[in-house]
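Engineer: So the chains spell out like this:
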Amino acid sequence: MKSSQHSSIFPSKEYVRPNLNWECGHLCKGCPCRIGPSPKGVCRATYECSPRLEVKPGEVKGHWTCTRPKSGGGKCESGPFPNGTCCNAIPKCQPRRSLRSIRNRVVAFTIITSFLILFVGISRDCWKSFINPGPLSNVHASATFADIHTKQSGGNTNSCSACHGSPRQGLDSWHSKAFDSLVHGLAPAELIKKGPLESSAMDVNCSSCHAGKKFHQPNIATEFACHECHKEHENRGFIPQVDSTYCMTCHGSADLMAAAREMGTTTDPHAFPSFGSSASLKVQPRTRPDSGYTGVITAFATDHPEFRQIRDGVRDENSLKFNHEVHLRTGKIPRVLNCRDCHERDGRGEYQRPISYEKHCVECHTLQFDPNTPTDGKKPGIYLPHGDPYYVRAFLRSLNIQYEEYGRSHEGITSRDDLNGYVKEKKVGIEKLYQSGENLERAVFFADMKGEIPGGLRAPFAGCATCHNVSEPESDNATPAIKKVSTPDRWMVLGKFNHDMHQKGLACLDCHKVMTSKLTSDLNLPSIKTCVECHSPQGGIDDRCIRCHTYHNSQPNSPSLKSPEASINTHAAKPGD
Amino acid sequence: MYPRHPYLSGWLLFAVMLFLTFFNLRKRVPFLRIGSTSFWLQLHLYVGVFSGVLFFVHIGWSWPAGTFHQILAWCYVVVFLTGVLGLWISRAFPRMLTVAGYETPFERIPYVRVNLRREAEALVSEGVDGQTSPVIAEFYSKKLGMFFTKSCNRWAHLRQSRAPQAAHVSQFDEVQRYAKKGEREMLDKLRDLVARKHMLDYQYSLQSALRLWLFVHIPLSYSLLIFSVLHIILVHAFSAAAS
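As they're listed, the protein sequences go chains W and E. Position one of the first sequence corresponds to residue 9 (the numbering used here), numbered consecutively onward. Position one of the second sequence corresponds to residue 514 (the numbering used here), numbered consecutively onward.
Just chain W, with the same shape it has in the complex (with noise of 0.2 Å):
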C-alpha cells in the first residue's frame, strides 16, 4: 500500500494549477469541468463538446458530429442535436476561490486591517497612550509635573512635550523631526560610536525643573545625556536604579580614564568637591589622590580598589584614649559592654549616632572624686563636671561652695552653722585623702585608670588622663590642657553605607574586628574583601556601583511649585502687560 496513487480517472494532463484563483465548483466532486472558471470567477460551463458540422461529398445540409475529446469520454453515443448543439449541458457551479487566492486575501485583509489599527492608534485622541513604550515614572506621571509643565510652556498641556521635541509639532511633523535625527544625530556613524551617550538636545528640557547638570567630577571630558543613566518609561513608580554597565562604560574604559586623568591634573582643585569641608559631617582631613579616582574597575568583585583608609593605613587620630578589647572582654571592666551600648543607630539605620560621655561612658566613669559624698538612695552624690578644663579647675577652687550647695540640696541642711560644720567635715575628708588642694586638682587631671598620678602619688579614682591626653599646665597658675576629642562622623565618605540593612544576617563583629583592637587609632574597618564575600556574583547580593555611590556628587535640585508660579506672577505684574 506504499505505492504512489495514480488515479485511472484523473485526467493526467489536464493538472488543475494551484496558483490560478478559481477552481470549479465541482472540483469537490472529483468531475470539474474541463474548461473551469473565468479569472473573475465566472462559471463558463456550457456544454461538454462544441459539435463540428461535417458536409461530406454529395451532401447539402451535412451533419454535426461529436467533438468530446477521449480525456472527456470520447465521442457521445447519442451525438448532437440536429440544430448543431451538444447534447451534454454541463450542470453550472459556484467556483470557488482556490486556497491561494484565499491566502492572498487573507493577506490583504490583514494589510489593511494594519492600517486601520495605526489610524485608530495615532488618532486625535488616543495617540499618547498608543505609542507610549511604557508606563512613566510617578514623579513624571503626576499631576504636578504636568502643572510644572503647563505653567512653564505657556498653557501647553501636552506633557510628553515636556522632554519630546516632536509632540509640541504634531503628527505631520514626525517624518520630518524623524527624518532630521535621521540625518543628525542618529546617523549611520553615530550608532557604531563608543561611550556614553552625549549630552542632547533633550537634557535642557530636563534642566528645566532639575537645574544644574554638573553633578559629577568636573574632569570628565563631554557632558552626558540624562537618559543614558536615568531610563524613562520603563515602569510605574521610580525611575529604574542606574545599572553599572552605564558607570563601567567610563570607569572601565582606559582610554576614558586616563583622558579624565590628563584632564584633572590642569582643572582647578577647588572645583572638585570635599567632603572634608562639609558643614553636615565630621571627618578626618583628607586629600584628593593625585590621579584623582581614575582607576580602571569593571566590577566591584574583580577590580575595585581596595578601601583607601585600609591600603594606605589611615589611623584615627583622635585623642581619646579607647581599648576596645577591654571593653567587650569579659573579666576586666565590672560590666561587659556591647556595640550596641555606645554605637546607636541613626533614624536612617544607616550610620551611627555620635557617643557622648553623658550618654554612654558616665556610667563607668563617674568622675567621682569624694568617695564620702556617694550617689545614696536619692542623694545624687558630688561628681566633678565633664566638659571643659576651666569648668572643672573652677569647680575645685570652689569646693566650699560646691558642697554647702549640695548640703543644702541634698542633705536638706538649713542653717548657716550645720551648713558650716557640714562643709567642714567634707573639706576634712577631702584633706585626709589629697592633703593639699594642688595635689586634688593633679590627682583629677592627671589620675589614670589605675588611679596613679605622675610623681608617685595615688588619688582614689580615675582622673581625666584615664581617657584623655592632659597634658602638664604651662605655667604655674595655668590649667591643665586637654587635647580635644574629635570622633569623626565617618570614615568612607565616598560611598554609602546602611548598618541595619546589614544588621538582618551579620552581627557587627562579622566585619569589625574589634575584641582586639586596643588602640583608639585602630580605625577597625573591614576590607573590601569582606563585602565581595556577599556583594558578588558568587555571594549573590546586589553589587551595582549604585549601592554604595552617587553619581551626582551634590543632589540635584528639585522641582517645586513656587519658581513657575514665580516668575509667571513677575511677568503678569510687568507694566504694559
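Just so you know, the hints here were simulated from the structure itself, not pulled from any lab data. Ideal Cβ positions, reconstructed from N, Cα and C, are used throughout, including at glycine. Don't take each hint at face value.
Computed list of chain W residues with no C-beta within reach of chain E, every gap over 12 Å [unchecked claim]:
| hint | residue |
| --- | --- |
| 1 | T75 |
| 2 | N447 |
| 3 | C516 |
Listing some non-contacts, in silico: residues in chain E with all C-beta distances to chain W over 12 Å [to be verified]:
| hint | residue |
| --- | --- |
| 4 | L538 |
| 5 | L556 |
| 6 | L600 |
| 7 | I602 |
| 8 | S603 |
| 9 | L636 |
| 10 | G643 |
| 11 | H681 |
| 12 | V682 |
| 13 | A692 |
| 14 | K702 |
| 15 | L725 |
| 16 | V748 |
Covered stretches of chain W, as calculated for chain E (at least 3 residues, CB under 8 Å) [as the list claims (entries may be wrong)]:
| hint | stretch |
| --- | --- |
| 17 | 35 to 41 |
| 18 | 106 to 114 |
| 19 | 119 to 130 |
| 20 | 135 to 146 |
| 21 | 186 to 199 |
| 22 | 228 to 238 |
Let chain W serve as the given structure and place chain E on it in line with the hints.
Structural biologist: Chain E only, in chain W's frame:
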C-alpha cells in the same frame, strides 16, 4: 560600549525582516541565476532564527510595555513561532507522508476520494451473487457513507492518532461476525477501501497543514513590516536627537 545599540540592532532587524518578507520575490524571478530556491529557503530559515536573537537583543531582553510596542512585539513573536512551526512541519511532515505511503498530490485528492467512493458504492450495489446484501448496505449507509464523501478525522491524523482506523476495524469485525461467506469477501474489499480512504485523509490533513500555516505567517509578516515602519518613525521622531 555602544550606547546606541538599540538603534543599530533595530536597523539590522528591519533589514533582516525585509529580506525575510521578500524571500517570496525570489520565486517570482526564476530566470535570474541567483542560487536555487532550496538554497534561498535554507537562507530564509537561518536568517529567521538569527532574527529571533536580534529581536531579543533589540528589546533588551525585557518585554515592551506600551500598547503599540506590544502589538509590534507580539506580531514578531507570532511570525517567528509560525516560522518555527512551518520549519518543523516542512521537515517532518513530508517524511511522515512518505512513510505512511499512498502519496497523492494535494490537488488530486478530491479526484481520488471520489474514485474511492464510487468503487465502494459500486461494490455495495453489486452485492453478492447479484443480490444486494442488506447487512452491508445498511452498514455502508450508516457508517461509511459520509466517511467516503469528505475528508474526515483531520485533527486525529495530525496527532498521528490511529483511533479512527481502530474504530472502523472494530465496526467491520462486528459486522463480519454476522456476514455470510460471500459477504465476508465483499467486506474485506470494503475494508481495503476504507484503509485507503484513511490514508488519503492522512495525506489531506498533513498536506493541508503544510499549506495552512502560511495563512498566519505571511499576512502577519506584512503587518510586522507596516508596524515596524511606524516604530522607526516614532523612535527617531521622539529621540533625544530630534528634541
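Engineer: May I ask which of the numbered hints given earlier this structure violates, with the numbers listed in increasing order?
Structural biologist: 15 and 16
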